Amino acid sequence: MKKQMDLGVPQQDLRNSAVMCGVSGHGLSTEYEHIHKVKEVRETLKLFDDVFTKLLREDKAKKHEGRSKRNSHIEAAMTLKNQKKWVNCEWTFGHVPGVEIGDQFRFRAELVTIGLHHQFMNGINYVNIGRKYVATSIVDSGRYDNEAISSETFIYVGQGGNPKVSANARVEDQKLKGGNLALKNSMDMGCPVRVICGRKRVNGEKSDIRYIYNGLYTVTKCWLEIA
Numbered sequence: 001m002k003k004q005m006d007l008g009v010p011q012q013d014l015r016n017s018a019v020m021c022g023v024s025g026h027g028l029s030t031e032y033e034h035i036h037k038v039k040e041v042r043e044t045l046k047l048f049d050d051v052f053t054k055l056l057r058e059d060k061a062k063k064h065e066g067r068s069k070r071n072s073h074i075e076a077a078m079t080l081k082n083q084k085k086w087v088n089c090e091w092t093f094g095h096v097p098g099v100e101i102g103d104q105f106r107f108r109a110e111l112v113t114i115g116l117h118h119q120f121m122n123g124i125n126y127v128n129i130g131r132k133y134v135a136t137s138i139v140d141s142g143r144y145d146n147e148a149i150s151s152e153t154f155i156y157v158g159q160g161g162n163p164k165v166s167a168n169a170r171v172e173d174q175k176l177k178g179g180n181l182a183l184k185n186s187m188d189m190g191c192p193v194r195v196i197c198g199r200k201r202v203n204g205e206k207s208d209i210r211y212i213y214n215g216l217y218t219v220t221k222c223w224l225e226i227a
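Everything in the sequence shown is counted per the working numbering, starting at 1 for the first residue and increasing by one.
If you are wondering where the hints come from, they were derived from the structure by calculation, not from laboratory data. The structure displayed is predicted, hence computed values, not measured ones. Ideal Cβ placement from N, Cα and C applies to all residues, glycine included. Incorrect hints may have been included.
To be verified - Here are the simulated lysine-lysine pairs, BS3-like style, with alpha carbons at most 30 Å apart:
1) Lys-84 x Lys-62
2) Lys-84 x Lys-39
3) Lys-221 x Lys-60
4) Lys-177 x Lys-221
5) Lys-200 x Lys-132
Said to hold, decoys possible - Derived DEER-like restraints, expressed as beta-carbon distance ranges:
6) Trp-223 x Leu-56: 41 to 47 Å
7) Glu-33 x Asp-59: 34 to 40 Å
8) Lys-85 x Lys-221: 38 to 44 Å
9) Val-127 x Arg-57: 34 to 40 Å
10) Met-189 x Arg-57: 45 to 51 Å
11) Lys-39 x Met-121: 38 to 44 Å
12) Lys-175 x Phe-120: 18 to 24 Å
13) Asn-203 x Gly-102: 18 to 24 Å
14) Gly-190 x Lys-54: 16 to 22 Å
15) Glu-152 x Arg-106: 23 to 29 Å
16) Leu-176 x Gly-94: 35 to 41 Å
17) Thr-220 x Asp-59: 42 to 48 Å
Can you make the complete structure from the sequences, with help from the hints?
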């Protein structure tokens, strides 16, 4: 199975792009290990849901007392961390044990608890290898102008300089540093990158986001262009 992704680093006037190809398999030596890890991941997600639901009930009660709402999904994840219930905490490259292509999640905080993406907010996660930052996973949240070329290829516009991300963000040129540089280094080193895509789901008058694990991609091209 091959997948490609053009990874771009949009800047106010410049965009830097790159292409990625996918890898199949779950990286575990036996089917028994795979089944065990799937169960472990699902148990963690169930614990997350239990804690999150409890926090929502508390928030609902506090509203009557005039208290502000908290980020319950992040607090639920941190509660599990304090209980040492996170899984795949040290996992870096490749598929994450217990997570299958096509798996869907409600919150980015869930991705953190199971080791699929280790950032609550940042779209690019990376690690330091030999004094180089190398990307391990990205989340396409839909807030950047990413472009699907085919079912196996898309252009990913890197992070930074996008006012859609937060009210405090300024429109400015992106720099080839941090996560954006890590994606280029992934291309140079041939390291695969996990891709999770956030997609809006409409149900009647309501809509929400589902985060879908699309699998592994490798960066094959990177460039700057006028945005």
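Right, here's what the structure says about each hint:
no., hint, in the structure
1, Lys-84 x Lys-62, "holds, 28 Å"
2, Lys-84 x Lys-39, "holds, 17 Å"
3, Lys-221 x Lys-60, "violated, 48 Å"
4, Lys-177 x Lys-221, "holds, 17 Å"
5, Lys-200 x Lys-132, "violated, 35 Å"
6, Trp-223 x Leu-56: 41 to 47 Å, "holds, 45 Å"
7, Glu-33 x Asp-59: 34 to 40 Å, "holds, 39 Å"
8, Lys-85 x Lys-221: 38 to 44 Å, "holds, 40 Å"
9, Val-127 x Arg-57: 34 to 40 Å, "holds, 37 Å"
10, Met-189 x Arg-57: 45 to 51 Å, "holds, 47 Å"
11, Lys-39 x Met-121: 38 to 44 Å, "violated, 29 Å"
12, Lys-175 x Phe-120: 18 to 24 Å, "holds, 22 Å"
13, Asn-203 x Gly-102: 18 to 24 Å, "holds, 19 Å"
14, Gly-190 x Lys-54: 16 to 22 Å, "violated, 44 Å"
15, Glu-152 x Arg-106: 23 to 29 Å, "holds, 26 Å"
16, Leu-176 x Gly-94: 35 to 41 Å, "violated, 25 Å"
17, Thr-220 x Asp-59: 42 to 48 Å, "holds, 45 Å"
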